[in-house]
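K.L.:
Letter by letter, the chains look like this.
Number of protein chains: 2
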Amino acid sequence: MCEQEAKQLFSAMVSELNKAEQIALCGHVMPDGDCLGAMLALGLALRQMGKKVVFYSPDPVPELYAFLPCADEIHVELEQQCQFDLFVSVDCSVPDRLGHFQVLLGRAGRVAVLDHHTGSVPFGNTYLNLPVCAATGEIVYDLLRWLPVLVDEDIATCLYVAIVTDTGSFSYDNTGSLTHLRAAELLKLGVKAAWINKRLYEEKPLVSLQVLSTVLQSLELSGCGRVAWMFMQRDTLHRLNATDEHVDGLVNYPRLIKGVELALFFREIEDGKYKVSLRSKYYLDVNKLATLFGGGGHPRAAGCVMEGNLEDVKHQLLQAALPFLKDE
Amino acid sequence: MCEQEAKQLFSAMVSELNKAEQIALCGHVMPDGDCLGAMLALGLALRQMGKKVVFYSPDPVPELYAFLPCADEIHVELEQQCQFDLFVSVDCSVPDRLGHFQVLLGRAGRVAVLDHHTGSVPFGNTYLNLPVCAATGEIVYDLLRWLPVLVDEDIATCLYVAIVTDTGSFSYDNTGSLTHLRAAELLKLGVKAAWINKRLYEEKPLVSLQVLSTVLQSLELSGCGRVAWMFMQRDTLHRLNATDEHVDGLVNYPRLIKGVELALFFREIEDGKYKVSLRSKYYLDVNKLATLFGGGGHPRAAGCVMEGNLEDVKHQLLQAALPFLKDE
Chain A
1 MCEQEAKQLF SAMVSELNKA EQIALCGHVM PDGDCLGAML ALGLALRQMG KKVVFYSPDP
61 VPELYAFLPC ADEIHVELEQ QCQFDLFVSV DCSVPDRLGH FQVLLGRAGR VAVLDHHTGS
121 VPFGNTYLNL PVCAATGEIV YDLLRWLPVL VDEDIATCLY VAIVTDTGSF SYDNTGSLTH
181 LRAAELLKLG VKAAWINKRL YEEKPLVSLQ VLSTVLQSLE LSGCGRVAWM FMQRDTLHRL
241 NATDEHVDGL VNYPRLIKGV ELALFFREIE DGKYKVSLRS KYYLDVNKLA TLFGGGGHPR
301 AAGCVMEGNL EDVKHQLLQA ALPFLKDE
Chain B
1 MCEQEAKQLF SAMVSELNKA EQIALCGHVM PDGDCLGAML ALGLALRQMG KKVVFYSPDP
61 VPELYAFLPC ADEIHVELEQ QCQFDLFVSV DCSVPDRLGH FQVLLGRAGR VAVLDHHTGS
121 VPFGNTYLNL PVCAATGEIV YDLLRWLPVL VDEDIATCLY VAIVTDTGSF SYDNTGSLTH
181 LRAAELLKLG VKAAWINKRL YEEKPLVSLQ VLSTVLQSLE LSGCGRVAWM FMQRDTLHRL
241 NATDEHVDGL VNYPRLIKGV ELALFFREIE DGKYKVSLRS KYYLDVNKLA TLFGGGGHPR
301 AAGCVMEGNL EDVKHQLLQA ALPFLKDE
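Sequence order for the protein chains is A and B.
Take 1 as the starting number for the first sequence in full-length UniProt numbering and just add one per residue.
Take 1 as the starting number for the second sequence in full-length UniProt numbering and just add one per residue.
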C-alpha cells in the first residue's frame, strides 16, 4: 500500500476523531490484551490532542492487565452524567459484545468502530475493520501516524501489549513482516519488552499451577497418537479453591504433544454434562467438528457442550473426529 | 552504527570467507537452535558462493531441530580424509566447547570465530564476537549482507530459528529493535514462522508432559511467597521411561508463579546428592547464590550440586537466599 492509499484508508476515522471533543472508548466483553491495549493507547493519544476521554469496559480489567498505563481509569459501570459526542467501539464490531454499554450507541452523537475481527456487519458512522491486521493495536499504531500525537512510552507499552498478546508472542500465523516492523519501532520508543513479557506470562496465581498439575494427571493419547485429551471433574475447582480463569488455556497442553493434531479438554459442568474445548495444530477444522455437536468457533479453536457420561461423550467425539484426521 | 562502520566490522570475516575454498563449520557441545541455525545458514550461503562446506557438531542434532534445512548433513564424527582451509567456530568462542572437534583447530590452515557469548578469550585468525547481538544468527544475518549471496527461504528459515530460540520468542531482554527488524525481513523472505513455532514448541514427547505432571505435584511456595520449588526423586525418570532431556526447563514452572522471584528445582542424582537448578525473575543474582555452594552460571539462571537429605539441602539454600531477597 502506498502512502496515499494508507492516508485514504484512515482519513474518515482521523476526521471523526479530530472533530470530536468528548470521546467514550469501549472494548468488548471479557477484555483481552489487544482490546485494553488498543483502547488505552488510543485514549492516551486523544488526551494528548486535548480531547476529554472516558474508558469503558463491560467486564472488569483482568488483574493481569492492571499494569497497563491508566488501566485503573477504566469504568465498568456507566456514569449517568457522562457526556460525549463520539463513541468508539474498540476491538469490537458486534454491538452485542459491548455488553451493557451497547445502550451508549443510541446515546452518542456519532459512533465509530475500530476492529480487526472478521464476520461482522458494519455499523456506526465510521467503520474501520482491517482483518489483515493481527491486532487492533496494529490498526491504532498506524492510525496514530495521521494524528498530531507523539507516541510516548506509555502509548507504546499499550500497543506492544496489544500486539504481543494477540499474536501469541509473534508465533501465530497472523504475525506478518509488518507486525515485527511495528514491534521494532515500539521497542525504539522505550517499551520495556522483557519486563512486560514477565508481567504477562510469568505472574500466574499458584492455584493455576495446582489446577494444571491435577488435570495433567488425566492426560491420555489415542492409539493412533493424533488425538490427546484431558478431563476435569466438577469438584476439582472447588477442592482447589480455583475459578474459571485458572482453567483457561489448559486444552493447549495436550496439543503440545508430538504427533497430536487434535487436542480435547472435557470439563464437567453439571451431572452428565461436559463442556468440551477443541484445539487443532496444523490442519483439522475443529469448528466443523464442534458444529456436529451444536458448538462452533474457529478452525483451530472451538467448543461445544455434550451430554452423557465421560466415556460416552469421549467415544462420540473421537468417532466423529476420525474422518477429519488425515491418513499419515 | 553507520554503513561504513558496519562494513568495517565485518570486513576481516568477509575476506576470510571469500579467500577460503573448503570450509568446515562447527558449533558447540549440546547444540541449540542458535548454534545450528547460524551454522546452517552460513554454510548454505557459502555453498551458494561455490565453496565446499562441511558441517560438524560435537553432539548429535536434537530431534527438535531435525527439520532445519541440511540438518541431516551435520557430522558428529570426524572423517579422517576431510580437507579444509578454513575452520569456523560458530556460536562458540571457547575451544573446549568444540568438544572432540577441538583437534581441528590445529589442523586447519586458518581459524575464524563467530559468536555472541561474553567472557571468552579471543583465538584464531579472525575473531568476531558481538555480545550486543541476541543470537549468533543475528550476526550471520548482518554478515550475509556483505557476501554475494541471495538469502533464500532455507537460509532465512535457519536464521529465524536461531533468533526465535535465543530470544525466547522475542521475550528476553536481549531482544532489541534490530532483532524485530531482522525478523521482519526474514518473514518477507518467505519464512513460515507459525509453522516453525509449532515445530519448535508444540511437538513435545508425551513423556515430557508426564514428567511435568509428576514433578508439579511437588510444587511448594515459601511462607513469604517469593521462593518456589519442586523436586524429583531419582526413580522418577526410570519409572516414566524418561531421560534427561525431558527434565529440561522444568525449573521455569515455579518461576511462573505470581510474586515468586527465586525458583528452585532439586533433582536427586545419587543417594543424598541433589543437582539444584536456580532461576530468578527480576533482580536476584542466582549466579552469586549458586557460587556459595560451589556452582555458578548467569544472573538469572544457575546451578549447583548439594549433598544431604532433601530437607537439609532445601533449608540451607533458603537460608542462603534470604539476604538476596528484597524487602517488599
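Since the hints were made in silico from the structure, they are not lab data.
Some clues are possibly wrong.
No copy is singled out in the list; a pair is fine if it fits within one copy or between any two copies.
[As the list claims (entries may be wrong)] Keeping only pairs whose Cα atoms sit at most 27 Å apart, straight-line, the calculated DSS-like set for lysine-lysine is:
id	residue 1	residue 2
1	Lys52	Lys281
2	Lys204	Lys258
3	Lys19	Lys288
4	Lys7	Lys258
5	Lys19	Lys273
6	Lys198	Lys52
7	Lys7	Lys204
8	Lys275	Lys188
9	Lys258	Lys326
10	Lys204	Lys19
11	Lys19	Lys326
12	Lys288	Lys326
13	Lys188	Lys326
14	Lys51	Lys204
15	Lys198	Lys275
16	Lys19	Lys198
17	Lys281	Lys204
18	Lys275	Lys204
19	Lys198	Lys281
20	Lys192	Lys326
21	Lys19	Lys258
22	Lys19	Lys51
23	Lys7	Lys198
K.L.:
If you test the structure against every hint from before, which numbers come out violated?
P.N.:
1, 3, 4, 5, 6, 7, 8, 10, 11, 13, 14, 16, 21, 23
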